[in-house]
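> The task is simple: from the sequences and hints, build the whole structure.
Residue numbers (UniProt numbering), protein chains in the order written: chain U, 1 to 314; chain C, 1 to 261.
Don't read these hints as lab results, they were simulated from the structure.
Cβ atoms here follow ideal geometry from the backbone N, Cα and C, with glycine treated the same way.
Take the hints with a grain of salt, since some may be wrong.
Listed below are several chain U residues computed to face chain C (Cβ distance under 10 Å; list not exhaustive) [to be verified]: (1) 35; (2) 36; (3) 147; (4) 148; (5) 166; (6) 177; (7) 179; (8) 180; (9) 186; (10) 189; (11) 191; (12) 192; (13) 194; (14) 205.
Chain C is nowhere near these chain U residues, computed Cβ spacing over 10 Å in every case [claimed, not checked]: (15) 115; (16) 117; (17) 119; (18) 154; (19) 165; (20) 231; (21) 233; (22) 275; (23) 286.
Read off the chains here:
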Amino acid sequence: MKKSKIFWSYLILALVIYAVGQALISLNIIDMYYKNMLITMCINIMLAVSLHVVIGVTGQFSIGHAGFLAIGAYVSAIFTMKLGMPFIVAILVGAIVATLAGLIVGIPTLRLKGDYLAIATLGFAEIIRITFLNIDYVGGAAGMQVTQLSNWTYAFFAALITIIVISNFTKSRHGRACIAIREDEIAADAMGINTTYYKVTAFALGAFFAGVAGGIFSHNVFIIQPSAFGFLKSFDILIFVVLGGLGSLSGAIISAVLLTLVSTYLGNFPETRMIIYSLVLILVMLYRPTGLLGTKEITDLFKSKKKGGIDHDQ
Amino acid sequence: MTNNTLLQVENMGIQFGGLKAVQGVNLYLNNGELVGLIGPNGAGKTTSFNMLTGVYKPSEGKIVFAGQTLNGKPPYKVTQSGISRTFQNIRLFKDLSVLDNVKVANHWLAKHSILSSILRLPNHFTSEAKMAEDATAFLKIFGLDRYKNELAKNLPYGMQRRLEIARALAAKPKLLLLDEPAAGMNPQETRELMELIAFIRKEFDLTILLIEHDMHLVMGICERIYVLDHGQLIAEGNPNEIRSNPKVIEAYLGEEVVENA
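Written out as structure tokens, the structure reads:
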């Protein structure tokens, strides 16, 4: 089958990227700083892709993604540091708790639309942050020390799995149902789609992978503090998705990679960093108001001349 | 209520605040009938459709469809029990391809789970392939299969209307509700639409209820007509009876019928 050939060639490409990254790290060609950048890149990809399924695919404007990141980070850190569980188990537990939080928040708030949903999710993320701030067990404002367990392998494969799962979900009847909700919720409902179920599912799926990202994140930074999960973090993630183009998976990945590079290299100019970063965003929005890729995928750019539309796996 | 009755509506009404938009509507549809619902602007026709399809909850009355009470069911359940609709202002999924628009409607007929899609289990592929096949078959009937990879928003207006009907049919309804299917169409397109409605009715063994302002179309194809004015049914009958009903003429029909007759 032609489709599966494409899949395998992507997978080989991904493994090549992994091997190159691993070689750069183990041969000491790049130092700690850039190794860290690579891991951060993977975390950002996971965050961008997991928010993409909520905003880009299902069209639910959620800006509380840092809340799920925080839950994943703290819960997994508790499991490794306090309970002595293996890292993988801790990541999974963190992700599952984040998913549960997603369900608890999603079921009541997803009745809201547009701005109201945005405000409600923002409020949720703040509640999570303040809660961790006031729990002494996890160190309160001072934060919680975490040993470094994340490495390039964990980060890369977590990101790869995130991309594959979200991509497979999107290119199925379930993803199509979510896109239909984004396009016209009333019509989707009238066509027999349980809109609440799919909105909550997308939300929970997004929360799960944000939780995974949280686990990788907390075991990469030595210390986690509630201040790292403020609403600015939520906006950072939102920017990945909007800049890449709402509805474009590859767009979200590309913009996560680019913005991580930009902000890492701007780290050398701390005074002007945020100014330049903001300028990049303004320029992109001026010249590409639909984001880098719009709703297209990068693969469409090569074949869209011949036939339009989205080509789903069959 | 006879065995032949598909839809029975008793005393249906809805209030928005103090405004009684629709009240005391009694109507029935027999299996295989093609019935028109007409009335002046603001008479409550679309509101009635919205109640029948679960978009609005009727504040009073009872809707029985094929033996099931529909009151209070959400729209997706109403669709799954066999009522499908089109919209007055076209509501296609604009950024999806023509084929995907139809596939969304047969979504609920497919069985493969989210997990099997994520893991790409064999039944994902067989089930998705069947969805694509079914959807393509519908597009063929409507002469849209050539455009199946076009985005829905790029179709010309008349074709968008046809696509909406194709999409509604893909949900496998027993009763099809058409909300002003001929709105904005030229006479040629309207004629084609009339033929199309007659054809799908036979082909899919459908019962059809349609709202329409084009009296030529309504009088031409409907077997019975209900007339709604100020939220109340004022007349019921076959086209000839409706044409000569003084109440209807008074409400709005008069001049048009004389012109078209």
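> Could you run down the list of hints and mark each one as holding or not?
Results of checking the hints against the structure:
1. 35: Nearest chain C Cβ about 31 Å off; hint violated.
2. 36: violated (31 Å)
3. 147: Result: violated, 32 Å to nearest chain C Cβ.
4. 148: Residue 148 of chain U check fails; min Cβ-Cβ to chain C is 31 Å, beyond 10 Å.
5. 166: holds (9 Å)
6. 177: holds (5 Å)
7. 179: holds (6 Å)
8. 180: holds (4 Å)
9. 186: This interface hint holds because 6 Å falls under the 10 Å limit.
10. 189: holds (4 Å)
11. 191: holds (4 Å)
12. 192: Check passed: Cβ of residue 192 of chain U comes within 4 Å of chain C, closer than 10 Å.
13. 194: It holds, given that the least Cβ distance between residue 194 of chain U and chain C is near 5 Å, below 10 Å.
14. 205: With a closest approach of 8 Å, the residue 205 of chain U hint holds.
15. 115: Since the minimum Cβ distance to chain C is about 22 Å, residue 115 of chain U lies beyond 10 Å and the statement holds.
16. 117: holds (19 Å)
17. 119: Check passes; 25 Å lies beyond 10 Å.
18. 154: holds (21 Å)
19. 165: At roughly 5 Å from the nearest Cβ of chain C, residue 165 of chain U sits no farther out than 10 Å, so the non-interface label is violated.
20. 231: holds (30 Å)
21. 233: It holds; residue 233 of chain U is separated from chain C by about 27 Å at its closest Cβ, greater than 10 Å.
22. 275: Holds: least Cβ distance 35 Å, greater than 10 Å.
23. 286: With a cut-off of 10 Å, residue 286 of chain U remains clear of chain C, as the shortest Cβ separation is near 23 Å.
Taken one by one, the earlier hints fail for this structure at numbers 1, 2, 3, 4 and 19, listed in ascending order.
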